[in-house]
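> As a plain string of letters, each chain reads:
2 protein chains.
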Amino acid sequence: MERTLIKETTQKIGETVLLKGWIDTKRDHGKIAFIDLRDRTGIVQVFAQGSQVEGLHAEDVIYITGTVQARPEKLINPKLETGTVEVVAEKVELVSKAAELPFDMSKEDIEAELPIQLDYRSLVLRHKKIKSIFKVQQVIIDSFREALKAKDFLEFQAPSIISSVPEGGAEVFKVKYFDYETYLSQSPQLYKSLLVGAFERVFSVNKIFRAEPSVTSRHLTEATSLDAEFGFIDSYQDVLDMQEYVVRYIFRQVEEKCAAELKLFNATLPNLADKIPMIKLREAQEIIFKRTGRDCRNEKDLSPEDEREICKWSAETHGSDLIFISHFLSDKKPFYVYPDPDEPEFAYSVDLLGRGVEWSSGGQRLNDYQTILEHVKKWGLKEEDIELYLQSFRYGVPPLAGFALGAERMTMQILGLKNIREATLFPRDMERVDIRLSTVQPKEKTKQQ
Amino acid sequence: MERTLIKETTQKIGETVLLKGWIDTKRDHGKIAFIDLRDRTGIVQVFAQGSQVEGLHAEDVIYITGTVQARPEKLINPKLETGTVEVVAEKVELVSKAAELPFDMSKEDIEAELPIQLDYRSLVLRHKKIKSIFKVQQVIIDSFREALKAKDFLEFQAPSIISSVPEGGAEVFKVKYFDYETYLSQSPQLYKSLLVGAFERVFSVNKIFRAEPSVTSRHLTEATSLDAEFGFIDSYQDVLDMQEYVVRYIFRQVEEKCAAELKLFNATLPNLADKIPMIKLREAQEIIFKRTGRDCRNEKDLSPEDEREICKWSAETHGSDLIFISHFLSDKKPFYVYPDPDEPEFAYSVDLLGRGVEWSSGGQRLNDYQTILEHVKKWGLKEEDIELYLQSFRYGVPPLAGFALGAERMTMQILGLKNIREATLFPRDMERVDIRLSTVQPKEKTKQQ
Chain A
20 MERTLIKETT QKIGETVLLK GWIDTKRDHG KIAFIDLRDR TGIVQVFAQG
70 SQVEGLHAED VIYITGTVQA RPEKLINPKL ETGTVEVVAE KVELVSKAAE
120 LPFDMSKEDI EAELPIQLDY RSLVLRHKKI KSIFKVQQVI IDSFREALKA
170 KDFLEFQAPS IISSVPEGGA EVFKVKYFDY ETYLSQSPQL YKSLLVGAFE
220 RVFSVNKIFR AEPSVTSRHL TEATSLDAEF GFIDSYQDVL DMQEYVVRYI
270 FRQVEEKCAA ELKLFNATLP NLADKIPMIK LREAQEIIFK RTGRDCRNEK
320 DLSPEDEREI CKWSAETHGS DLIFISHFLS DKKPFYVYPD PDEPEFAYSV
370 DLLGRGVEWS SGGQRLNDYQ TILEHVKKWG LKEEDIELYL QSFRYGVPPL
420 AGFALGAERM TMQILGLKNI REATLFPRDM ERVDIRLSTV QPKEKTKQQ
Chain B
20 MERTLIKETT QKIGETVLLK GWIDTKRDHG KIAFIDLRDR TGIVQVFAQG
70 SQVEGLHAED VIYITGTVQA RPEKLINPKL ETGTVEVVAE KVELVSKAAE
120 LPFDMSKEDI EAELPIQLDY RSLVLRHKKI KSIFKVQQVI IDSFREALKA
170 KDFLEFQAPS IISSVPEGGA EVFKVKYFDY ETYLSQSPQL YKSLLVGAFE
220 RVFSVNKIFR AEPSVTSRHL TEATSLDAEF GFIDSYQDVL DMQEYVVRYI
270 FRQVEEKCAA ELKLFNATLP NLADKIPMIK LREAQEIIFK RTGRDCRNEK
320 DLSPEDEREI CKWSAETHGS DLIFISHFLS DKKPFYVYPD PDEPEFAYSV
370 DLLGRGVEWS SGGQRLNDYQ TILEHVKKWG LKEEDIELYL QSFRYGVPPL
420 AGFALGAERM TMQILGLKNI REATLFPRDM ERVDIRLSTV QPKEKTKQQ
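Residue numbers (my numbering), protein chains in the order written: chain A, 20 to 468; chain B, 20 to 468.
Hints are not guaranteed to be accurate.
Pairs involving identical chains hold if they fit within one copy or between any two copies, as the list cannot separate such chains.
To be verified - Here are the computed lysine-lysine pairs in the DSS-like style, where the Cα-Cα straight-line distance is at most 30 Å:
| hint | residue 1 | residue 2 |
| --- | --- | --- |
| 1 | K50 | K226 |
| 2 | K147 | K116 |
| 3 | K401 | K31 |
| 4 | K150 | K401 |
| 5 | K26 | K98 |
| 6 | K282 | K294 |
| 7 | K98 | K170 |
| 8 | K397 | K331 |
| 9 | K193 | K401 |
| 10 | K148 | K31 |
| 11 | K401 | K352 |
| 12 | K154 | K226 |
Because the hints were derived from the structure by calculation, they are not lab data.
Whole structure, please, built from the sequences with the hints as guidance.
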């Protein structure tokens, strides 16, 4: 008999069906038992004789042949998509036996600390609420793609292994590469910029790697970056507009396609008002000073506290949970940022903040080859380390800009998750790569190597 | 004035437009000149006074204000999408000056050896034919996604950094990871399999890394893998069917969306007949022996020569350029392959060959936890090295199968490219990561480290 998907059962009242799935929960009443059977399309209640399901428990994989029955009016379960039916088991086949679970998976939230949950990641990912995080993430990533493809952007595959770290930095992973030393990319910035010379508009969904030497709730060593870059801009305002368009598009898609998932997390999408407001760094610092008395007016960046405060201000005065901050200090930014000609100590660099944290960073980039060379010298970089990038600009590149959104960070902020590890299938930090590294590689041993 | 895209010019006869793009070619006739202007949408001919474009040459970025004119019937250029019009320049603005080109970019094919072309990758990627390779590649990857999403597969982000190399192998890159040693993933196999426990059907477009210690025309150290895995199969036939469905879907999309690109390469898609034939390894070897007298009947795998021969046979006798080969030797395959119960020395592993080379590999995987443990022992692996994988199967996983296609290899085969580097934006091999590594890291120096 052909398999019937669980969501299809409501259309098969009176028919005999073959269902295949996992036991989500089992309620034993001695002679009779109820099983909530789960497959990729949903959950349905199965009524069985106790003897038919003896010894079975949660996560066992079973195939059930049975008859679909309409439930009496008063037994309809409005919480279940298939709540109007139940399946009466005729034959129950055990296909894969599950070990006893380390914690109750039927609770609305798993009652175990996050590190324990990560130790049991393979199991935990089966939990309805956890699973739904990655449906939302996929909608976010897909929507990013769709939005940009609609604007003529070409997706490209950004490289992970790079030959040099032009801007140095300790937070880079080294890769032994035959007789050479290479590194894992911290950003596809130089690649997406140089590709503007060929394709004009490009985007990439790619991995970025940071050897973040601390364990925090918002850093991963391996993350998914949503990068876009485009040429022939009229001004850096274009990058704000493109970003706003993309973010609105993503929000709309998540709202439409993930209503159930948002509800599970009691989450609402950020308010955007008519237009995401934009202010300069110094203006933001002035506002923060006036509101809190905290004088950050000479700082080169906003502190986490500042970010929360300015988001609060934006929500209160503009009705927008998101806000652009522009004009960070040119010499604190990478060599390719475009200084504002009217006040060159500040750059056309733009962060998008939302709900108190940074969502993206971007801005206009230098496109004049001579100016780039000057910056390369001023920033103390070696030309040969960025040859392919320089080459592109040597052969003519229009004014360009771009931005990068973090897929995990966006997922986290939209769903109101507390820790970015929750927004990653297999989070990596300095202590964990799937398992806790210390359990397989005692530090004493590896340090001696 | 707002920018007009080049492909829109045919709709703007008589209007004054602002065009922005690169000089593709310039034909100087003294007092007058013709410029082929290029943007992301195409090329249009611009007529200018010699004085307006003096000193300009290929790859300069220019903004042109001019009037669109219909061309007289006999001057229509059927080779150009905009061949019915030309733009008479009124104002020409130089926006970004290009250096003199190292070779002629206006030729149908760039006349430089591949290594030289790769040294100039940023420039070469602007060439019409080269650029079109990556449009085709994007259609291949997008179509892979679309085909599987239509079948309820969820896309996931596979990790690149892994904590152990369960199956060993010299061809793995090591990553220094704080106090630990980690590696770059050679395949998301274990991750996609374990995720079947949670999502039932998953796919991934991800990077795989191989420390291939030789420079060949079909190996890259960093490549893009199109991975799929799904549960509740009835038999390993399901993985052939799913793969055939995906490949047919991709071919249809490429045919529809890339007609112009295929024509540039004089390429036709492989013939598939009604059904892709499937034969066992030993049958294939018997056929090869009969056809050529070459006795490979005891070999564990097909040699490149064998692959070409069996593809030839498939085309001749089945009218199919693609063919599945199944039943490779169980003990020469990874621990997770599913032995055929009728002849356990052979496994339900399946390669897809096309036009003489391997396109994909896949098969049914073990799903019974105890059998997996036995294989782990027999293969000499350590359980703790694959804990997350084992965990999934400890908690119940249905019969499952999957496959992986190489994005670059498919691009190469469809377009008839001679070297896989041509099918990668930024090819990496043991001697090159963008630039030739020896130019920045002399071996003498790095070897001493």
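> How would you classify K401 and K31 at a CA-CA limit of 30 Å: within, between, both, or neither?
Neither. Shortest intra-copy (69 Å) and inter-copy (47 Å) distances fail the 30 Å Cα cut-off.
> My question is about K154 and K226: at a cut-off of 30 Å on alpha-carbon distance, are they close within one copy, between copies, both, or neither?
Classified as both; 19 Å inside a copy, 21 Å across copies.
> Cα distance capped at 30 Å. Does K50 pair with K226 within a copy, between copies, both, or neither?
neither (53 Å within a copy, 53 Å between copies)
> When no copy is specified for K193 and K401, does a C-alpha distance of 30 Å or less occur within a copy, between copies, both, or neither?
both (19 Å within a copy, 26 Å between copies)
> Is it within, between, both or neither when you check K26 against K98 at 30 Å Cα-Cα?
within (14 Å within a copy, 53 Å between copies)
> 30 Å Cα cut-off: does K401 pair with K352 within a copy, between copies, both or neither?
For K401 and K352, the Cα distance is within 30 Å only inside one copy (17 Å; across copies 46 Å).
> I want to check one pair: K148 and K31. Are their C-alpha atoms no more than 30 Å apart within a copy, between two copies, both, or neither?
within (28 Å within a copy, 54 Å between copies)
> Have a look at K397 and K331 and pick one of within, between, both or neither, based on CA distance no larger than 30 Å.
For K397 and K331, the Cα distance exceeds 30 Å both inside one copy (38 Å) and across copies (60 Å).
> Classify it for me, K147 with K116: is the Cα-Cα distance of at most 30 Å met within a copy, between copies, both or neither?
Intra 20 Å, inter 57 Å, cutoff 30 Å: intra-copy only.
> Indicate which option fits the pair K98, K170 if close means a Cα-Cα distance not exceeding 30 Å: within, between, both or neither.
Classified as between: cross-chain Cα gap 26 Å, same-chain 40 Å, threshold 30 Å.
> First find the shortest C-alpha distance between K282 and K294 inside one copy, then the shortest across copies, and answer within, between, both or neither for a cut-off of 30 Å.
Within one copy only: 26 Å inside, 45 Å across.
> Regarding K150 and K401, is the shortest C-alpha distance of 30 Å or less found within a copy, between copies, in both, or in neither?
between (46 Å within a copy, 29 Å between copies)
In terms of the numbered hints stated before, the structure departs from hints 1, 3 and 8, listed from lowest to highest.
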